[in-house]
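2 protein chains.
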Amino acid sequence: MPSVSKRGERMTQSPIRSLIPYARDAKSKGVDVIHLNIGQPDIATPQVAIDSLKTYDNAIIEYGASEGDINLRKVVHQYYCDNVSAIDLEHIYVTTGASEAIMFTLFSCFDSYEEIIIPEPFYANYIGFAHTSGVNLVPVTSRLEDGFKLPSPEAFIQKIRTSTKAIFLCNPGNPTGNLYSKEELIEIAQLVQQYDLFLIVDEVYREFCYDDEFTSVLSLSEIKDYVVVIDSISKVFSACGSRIGFIVSRNEQIMANILKYAQLRLCPPMVGQYMAAACFEGRSNYLQEVKEEYNKRRKFLYSRLSQIDGVKIYMPKAAFYIMTELPVEDASHFAQWLLQDFDLDGRTIMLAPGNGFYLNQEHGKRQVRIAFVLGVEKLGAAMDILEAALQQYAQLSTTQKQLSYSYI
Amino acid sequence: MPSVSKRGERMTQSPIRSLIPYARDAKSKGVDVIHLNIGQPDIATPQVAIDSLKTYDNAIIEYGASEGDINLRKVVHQYYCDNVSAIDLEHIYVTTGASEAIMFTLFSCFDSYEEIIIPEPFYANYIGFAHTSGVNLVPVTSRLEDGFKLPSPEAFIQKIRTSTKAIFLCNPGNPTGNLYSKEELIEIAQLVQQYDLFLIVDEVYREFCYDDEFTSVLSLSEIKDYVVVIDSISKVFSACGSRIGFIVSRNEQIMANILKYAQLRLCPPMVGQYMAAACFEGRSNYLQEVKEEYNKRRKFLYSRLSQIDGVKIYMPKAAFYIMTELPVEDASHFAQWLLQDFDLDGRTIMLAPGNGFYLNQEHGKRQVRIAFVLGVEKLGAAMDILEAALQQYAQLSTTQKQLSYSYI
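Protein sequence lines, in the order shown, are assigned to chains A and B. With my numbering applied, the first sequence has no gaps in its numbers, which climb one by one up to 408 at the end. With my numbering applied, the second sequence has no gaps in its numbers, which climb one by one up to 408 at the end.
Simulated from the structure, these hints should not be mistaken for lab results. Some hints here could point you the wrong way.
No distinction is drawn between identical chains; accordingly, a pair holds when it is met within one copy or between any pair of copies.
[Unchecked claim] Restricting the straight-line Cα-Cα distance to at most 25 Å, the calculated cross-link-like pairs of lysine-lysine (PhoX-like) are: (1) K6 / K27; (2) K224 / K159; (3) K378 / K27; (4) K6 / K159; (5) K224 / K6.
Please put together the full structure from these sequences, using the hints given.
The following block contains the structure:
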């Protein structure tokens, strides 16, 4: 039998994924698992979008344009001009989710072994995208103690080498919930110009900023040709399963390359694009209400976490995540233990171990990411569980805490 | 400004794509362009699938399973057991179109510079998939004079080197309309065993075999772990824009690798998967009727082409394509001329130049692919145009025929 590819075998699964069998086992034992680990909102997709499917009346679901359906692109173009930055229609392509937008950007901008500097912790799947495209991620570590603020320009400069070709940011941040200020982004823009780097920014959480104004890198006119923005309807419109994302760039060469990769896969999903246009058209009240709901949860979660002994936190400014440090030696072990050996009145919680969001997995070893995509009542129950679990876990012997679980 | 990637710049566009601006110009001059160049059927998607969207009532369009929605996988599993080969549910993953199925297969089975032997002419986008994954395609040329029958085992053996890791077939064939017999496939199976190669077969046209029975490589039990089958609802259910495809393999290692790539992009489009399940559930009469319609067109097209002087043809056995050789020196030039300088009563045709389906583009220089995805009446008009155009083109001077068009 021929062997499968080495690159496929080397592709690592995130620590979140490796907990899934434990969660399944807990559920099969009748334990109710509250998922704090995933960014799947419980907020309803706009009703207008679901309703739009009822009037979908094309006789043939045909191939569409590789750059995306023109109706959707026009609506998104208007949204960008009104809310983000004045761009042209040809600066927007539709992709099959932000995932594809990132893959196309990496293939179009970088050759194998070229390097991208990225603040960590970051969205764990970036590692897989980089692995698939053969690009190297070089982390600049940000710290929980500083609320994961953007590392200094000097910290970036230290990592710049001849093979460095870009800086990659996620703003607002997953998993940090941080929001970079205009001043911080201007510092990055200066680096980008000075060292001749692309600036790629994942802005999929743009609509959820609770305290301060959001600044898109598209609005920094000095670097307009250096910038690629990744976007998606998944989080904004609670439509993760639609797989509709966007690439936005004013750089013609990048867009020309991206179009070739887009043509190769023919077109993004057509029914999803139809529905996405309805989302944007009916967005105004929806977005305001959703943001208020997340903000309520954010404040509640912050308040509850700040009352638990030994938990280190900060107030997240945006998105719907917080990275917290727990009073445990190994948060991955604690997360497994929660699923395998703990319940409070038949319920437990699933956490996302923090080390999955770092390239050096020793970082964030005591951290977990909590997504506040559940209502306040459920979050409250989850915090009761976390509090009780931490108390019980603290009583375990060191040996018990080092016990390595292996899933059979 | 940093330079974009070399791999992106090297990615070639197919000769079909390069004709698109000429078609646009023809249309803007008021010329009606009959598209014989693309595999976009004019057959309606099953009404039951369009109707299924009216009852889609999930409040949230959530992420689904990375391996595909379980409802769809079960329906497809049943279809495979009934019509193709008895496989298990875990041998089927849903992908975002056959395009993604091919990309995942290449990344999962091959490392850069490994080689795949493939009969040419083949679907032009295979070149882009190979380029993206860094895999080398090694062609074995089949000939129009033989109806593009599968090259002999010896022809394959001649191409096998240490870096050879697979044979890739498209059966039924795009662009050839050929169908490989069970005997031919058994010969390939022996090669696969003898030289320890994977066998990847794109079977997306499986349902359109007009004369002989289709044999899936999944039914060849001796090589069951060597096989990966690529599938899609695009052509079968005339739903190209839904972007729903499948990977089918009994090889656990391959499926384990593929799952990692699948997890990276989270899930296939959920609404499309919902609709795809409805397609399979309501398929029986639909597929029979569609096949009869294509068969009628096939016979009509064959009959008309065989009456045109100097056109070389054969009877396609399956799919909805025929590669024909025209009495011209350069079919690409002829195809451009048709769009730029010719019309018959305000109408012209768009052809797919044959060289785009060969790695060595000198092959197939006089050939074109014609897709019979239009009704008999329109095909008749198209053949009138082809006949008149060939007569007029024959009168052009050699200089006029060598005139290189460049699009401004």
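When Cα atoms must be at most 25 Å apart, do K378 and K27 count as within-copy, between-copy, both, or neither?
within (17 Å within a copy, 59 Å between copies)
Go through the copies and call it for K6 and K27: within, between, both or neither, with a Cα cutoff of 25 Å.
Answer is neither: 34 Å inside a copy and 49 Å across each miss the 25 Å cutoff.
Is it within a copy, between copies, both, or neither that the alpha carbon of K224 lies no farther than 25 Å from that of K159?
The answer is within: 23 Å in one copy meets 25 Å, while 49 Å across copies does not.
At 25 Å max between alpha carbons, let me know whether K224 reaches K6 within a copy, between copies, both or neither.
Classified as between: cross-chain Cα gap 22 Å, same-chain 39 Å, threshold 25 Å.
For the identical chains here, do K6 and K159 meet the 25 Å Cα criterion within one copy, between copies, both, or neither?
Close across copies (24 Å), not inside one copy (28 Å); limit 25 Å.
Hint 1 from the earlier list is the only one contradicted by this structure; the remaining hints agree with it.
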